[in-house]
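There are 2 protein chains.
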Amino acid sequence: MSKGLTSKNDDYSQWYNEIVIKADLAEHSSVKGCMVIKPYGYSIWEKMQAVLDQKFKDTGHSNAYFPLFIPKSYFSKEAAHVEGFATECAVVTHYRLKNDGNGNIVVDETAKLEEELIVRPTSETIIWNTYKGWIESYRDLPLLINQWANVVRWEMRTRLFLRTTEFLWQEGHTAHATSQEAIEETERMLDVYADFSENWMAVPVVKGKKTANERFAGALETYCIEALMQDGKALQAGTSHFLGQNFAKAFDVKFTSKEGKLEHVWATSWGVSTRLMGALIMAHSDDAGLVLPPKLAPIQVVIVPIYKGDEDLQKISLFVDELIVKLKGIGISVKYDDRDSQRPGFKFAEYELKGVPIRLAIGGRDMENGTVELARRDTKEKSTVPQEGLDLYIANLLDEIQANIFNKALQFRNEHITEANSYEEFKSLLDDKTGFIAAHWDGTPETEKRIKDETKATIRCIPLNNKQEDGVCMVTGKPSTQRVLFARAY
Amino acid sequence: MSKGLTSKNDDYSQWYNEIVIKADLAEHSSVKGCMVIKPYGYSIWEKMQAVLDQKFKDTGHSNAYFPLFIPKSYFSKEAAHVEGFATECAVVTHYRLKNDGNGNIVVDETAKLEEELIVRPTSETIIWNTYKGWIESYRDLPLLINQWANVVRWEMRTRLFLRTTEFLWQEGHTAHATSQEAIEETERMLDVYADFSENWMAVPVVKGKKTANERFAGALETYCIEALMQDGKALQAGTSHFLGQNFAKAFDVKFTSKEGKLEHVWATSWGVSTRLMGALIMAHSDDAGLVLPPKLAPIQVVIVPIYKGDEDLQKISLFVDELIVKLKGIGISVKYDDRDSQRPGFKFAEYELKGVPIRLAIGGRDMENGTVELARRDTKEKSTVPQEGLDLYIANLLDEIQANIFNKALQFRNEHITEANSYEEFKSLLDDKTGFIAAHWDGTPETEKRIKDETKATIRCIPLNNKQEDGVCMVTGKPSTQRVLFARAY
Numbered sequence: 011m012s013k014g015l016t017s018k019n020d021d022y023s024q025w026y027n028e029i030v031i032k033a034d035l036a037e038h039s040s041v042k043g044c045m046v047i048k049p050y051g052y053s054i055w056e057k058m059q060a061v062l063d064q065k066f067k068d069t070g071h072s073n074a075y076f077p078l079f080i081p082k083s084y085f086s087k088e089a090a091h092v093e094g095f096a097t098e099c100a101v102v103t104h105y106r107l108k109n110d111g112n113g114n115i116v117v118d119e120t121a122k123l124e125e126e127l128i129v130r131p132t133s134e135t136i137i138w139n140t141y142k143g144w145i146e147s148y149r150d151l152p153l154l155i156n157q158w159a160n161v162v163r164w165e166m167r168t169r170l171f172l173r174t175t176e177f178l179w180q181e182g183h184t185a186h187a188t189s190q191e192a193i194e195e196t197e198r199m200l201d202v203y204a205d206f207s208e209n210w211m212a213v214p215v216v217k218g219k220k221t222a223n224e225r226f227a228g229a230l231e232t233y234c235i236e237a238l239m240q241d242g243k244a245l246q247a248g249t250s251h252f253l254g255q256n257f258a259k260a261f262d263v264k265f266t267s268k269e270g271k272l273e274h275v276w277a278t279s280w281g282v283s284t285r286l287m288g289a290l291i292m293a294h295s296d297d298a299g300l301v302l303p304p305k306l307a308p309i310q311v312v313i314v315p316i317y318k319g320d321e322d323l324q325k326i327s328l329f330v331d332e333l334i335v336k337l338k339g340i341g342i343s344v345k346y347d348d349r350d351s352q353r354p355g356f357k358f359a360e361y362e363l364k365g366v367p368i369r370l371a372i373g374g375r376d377m378e379n380g381t382v383e384l385a386r387r388d389t390k391e392k393s394t395v396p397q398e399g400l401d402l403y404i405a406n407l408l409d410e411i412q413a414n415i416f417n418k419a420l421q422f423r424n425e426h427i428t429e430a431n432s433y434e435e436f437k438s439l440l441d442d443k444t445g446f447i448a449a450h451w452d453g454t455p456e457t458e459k460r461i462k463d464e465t466k467a468t469i470r471c472i473p474l475n476n477k478q479e480d481g482v483c484m485v486t487g488k489p490s491t492q493r494v495l496f497a498r499a500y
Numbered sequence: 011m012s013k014g015l016t017s018k019n020d021d022y023s024q025w026y027n028e029i030v031i032k033a034d035l036a037e038h039s040s041v042k043g044c045m046v047i048k049p050y051g052y053s054i055w056e057k058m059q060a061v062l063d064q065k066f067k068d069t070g071h072s073n074a075y076f077p078l079f080i081p082k083s084y085f086s087k088e089a090a091h092v093e094g095f096a097t098e099c100a101v102v103t104h105y106r107l108k109n110d111g112n113g114n115i116v117v118d119e120t121a122k123l124e125e126e127l128i129v130r131p132t133s134e135t136i137i138w139n140t141y142k143g144w145i146e147s148y149r150d151l152p153l154l155i156n157q158w159a160n161v162v163r164w165e166m167r168t169r170l171f172l173r174t175t176e177f178l179w180q181e182g183h184t185a186h187a188t189s190q191e192a193i194e195e196t197e198r199m200l201d202v203y204a205d206f207s208e209n210w211m212a213v214p215v216v217k218g219k220k221t222a223n224e225r226f227a228g229a230l231e232t233y234c235i236e237a238l239m240q241d242g243k244a245l246q247a248g249t250s251h252f253l254g255q256n257f258a259k260a261f262d263v264k265f266t267s268k269e270g271k272l273e274h275v276w277a278t279s280w281g282v283s284t285r286l287m288g289a290l291i292m293a294h295s296d297d298a299g300l301v302l303p304p305k306l307a308p309i310q311v312v313i314v315p316i317y318k319g320d321e322d323l324q325k326i327s328l329f330v331d332e333l334i335v336k337l338k339g340i341g342i343s344v345k346y347d348d349r350d351s352q353r354p355g356f357k358f359a360e361y362e363l364k365g366v367p368i369r370l371a372i373g374g375r376d377m378e379n380g381t382v383e384l385a386r387r388d389t390k391e392k393s394t395v396p397q398e399g400l401d402l403y404i405a406n407l408l409d410e411i412q413a414n415i416f417n418k419a420l421q422f423r424n425e426h427i428t429e430a431n432s433y434e435e436f437k438s439l440l441d442d443k444t445g446f447i448a449a450h451w452d453g454t455p456e457t458e459k460r461i462k463d464e465t466k467a468t469i470r471c472i473p474l475n476n477k478q479e480d481g482v483c484m485v486t487g488k489p490s491t492q493r494v495l496f497a498r499a500y
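Protein sequence lines, in the order shown, are assigned to chains A and B.
The opening residue of the first sequence carries number 11 in the working numbering; numbering runs sequentially from there.
The opening residue of the second sequence carries number 11 in the working numbering; numbering runs sequentially from there.
No lab work stands behind these hints, which were simulated from the structure alone.
Just to be clear, a hint being listed does not mean it is correct.
The list cannot tell twin chains apart, which means a pair is met if one copy fits it or any two copies do.
Unchecked claim - Under the rule of at most 30 Å between Cα atoms (straight-line distance), these lysine-lysine pairs were calculated in the DSSO-like manner:
{"id": "1", "residue 1": "Lys466", "residue 2": "Lys18"}
{"id": "2", "residue 1": "Lys259", "residue 2": "Lys325"}
{"id": "3", "residue 1": "Lys338", "residue 2": "Lys437"}
{"id": "4", "residue 1": "Lys462", "residue 2": "Lys108"}
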């Protein structure tokens, strides 16, 4: 295994790409813009899925599955949605191939669809078209459904996990009797995402609302969680949308209220995707490779024997086998790498690259002394630890590592929120890659657009419970009552 | 909730459709041939997935994810695969829609793909194209990978779960250094499927090999498990393919052996799909609705209070709350349905229709007597059971129900394997819907095809460890050494 990652300070983008490839997380496929998620990367995604899925179920949601294809006409039904999604999509026009007689496979032109089908870029339209048949009365509400699925948005410039033509995600789609209930649901799911991001991914986030310009196509309000990467760019890690009655009206979904009135249903949708993998990688990793928070690490502890002969190895393995039983018994995932085809140094570098939180090395002398050598991936500290009580020591250490990774990211994030009081200062901070910039803005889409055009910075969010203070817009000088968070973003 | 299912003896096909719809398992979507899997149906599929996924991991496999799209040219690379799969496929030709200015969404003809993309009908080609980059040496083998995914095969005549244009499945794709290892893998995964079918789904299966005519396109050998439905038709419940070196040669995947020789890799693939839902429904259900084996039932026990006033209900609920804690503590899933909007009789019918294995009803007199009324879904027996020790009673009963459902299906299957010694007898047995027919056949594809054309019966499999006996082909009178299993099939 070749190591030698590009340093993140030299070329952050290259450093990221190399970690994704060299840590065996994902690779570009031969299909433009689509990725292959490799087993190690997928096993991290599976852990994310399991945690999120349980949280969705704990908050009353059920999973279901809706079609991959959406009839083209559905996109015309919700006006704002049209502009947002009926653009860069994969379009299915035919349903048969044939052999042309010379061994070439060609499209059978006689098998043309009457109406083209779009590979779902998001499923609001097909789902609300289905909900029409499911909702009649207030007794059918709330309808709390989630779907795990693949979606396709045709992207010209792609980056593994961060922006790919096909990606995996979950999309929640709920229906409610009142506006208030729908807003509560939107906020509840934002909290679920923030909890997941902070307490599992160890990535601190700012919860906030998007400006009108940045809202989901068809939403009345888009809530988001915004994370900060180590290069000072922001990453939107999850969104939760209050859709009002827009989709209910577009697809004619009404219910009879307790009072016997026929009313349109209120909607939300919310989602996170394999993009979270990008956030996880970029938030914590270093020049030696991936750094994984223990709660999402497929392998939490790796054990490498250092031995001279078979007798040495046998003695070590006997101890390790017992340790593995103990560790698994308390829910810790562990791998024993006793391959004889690779030297310990090679293995050390490999697990460092793959972000395994704790590495144990055990040699003949350790066996004599009743110790092991323990290396932490997060701090790179090595120590000699007694074999006695090692399982509980490791259990505590994993918690400590989880907390340490979060606190490090939190400190970095907090140190990278800067106030700007003039447009010049704002631009200079951006050039210095200082992270989030809190600045006054006059509240108009025009000013927001001008800032974006001139600086590539966008308003990431208006934080929830934002401090109110009098000020003037840094661009127009018009009055403003609060600072909003700007950043360049992924 | 309206009940009144069509009787399975009157119209089996209609009975099946009604159960799928009325038990809230799935429904047809507005996209031709695609289904919506509803929350209750999906929760059964999730239980299937969880069990299978664990079995795959226990046998050393990892999950990964490969692209939804396959370049058209890949289908030309493996000759036999071409004929089998490059036919009824969804073809993506464009990647953009646009607004025509009149509010209509139309395909942007300037955004035409140079090479069309096919929505995967199965992933051998894209995966083996990827494996080329993953395999260099014997150290990279075996490569044991599974994918959970959606696939699309354009079907003209569809039936919910049994045959849909889009369906969900898992596909295992493994690479090995030797033919022997690949064959062992093929057989191992067949055993996994058989174990799952019999011990979780409670559906007995015959393990066997397909004839050349019925093999997977590109396979040297297709193993299968065949189940018998209550109408005497067979259903292929899983397949495992030994692909030889066909895909390795088509995609140039070679490895350096221990001896330093460059050789093509040996391959297998194996899969089961949401079709299993159809098998599960058809194997056990009755005229009152779905019958679910406890191990796959999302709700194993439902509790319905029978009460006159709030005081009654409070007393009952106090007892039920404690019972639920106990049941959940021993891993039993339970639902307490204390809705006041429906009468007990309505609820009884609903849970019967949904196949919940055990129903408890508890009224005021039960509370006085320290009893509950317990109804088994499989036998429809009702009994009065003491509240004391109820949790363990239920745990044992669930095991008994699981065994009973399997044994009933096994007895049915065994009673529906009949030997035919002449073609006339064969045809008459088919007309009587007697299930599997064991008959001698001369081993030629021509005779097999003639039988299929004339009777719609196919050779379901040549059972593994088949009894060898001298005989003559029922059609041609040519010599035969064994009986093979025929049936009409789903």
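Hints, one by one, checked against the model:
{"no.": "1", "hint": "Lys466 with Lys18", "verdict": "within (22 Å within a copy, 65 Å between copies)"}
{"no.": "2", "hint": "Lys259 with Lys325", "verdict": "neither (71 Å within a copy, 45 Å between copies)"}
{"no.": "3", "hint": "Lys338 with Lys437", "verdict": "neither (52 Å within a copy, 58 Å between copies)"}
{"no.": "4", "hint": "Lys462 with Lys108", "verdict": "between (49 Å within a copy, 25 Å between copies)"}
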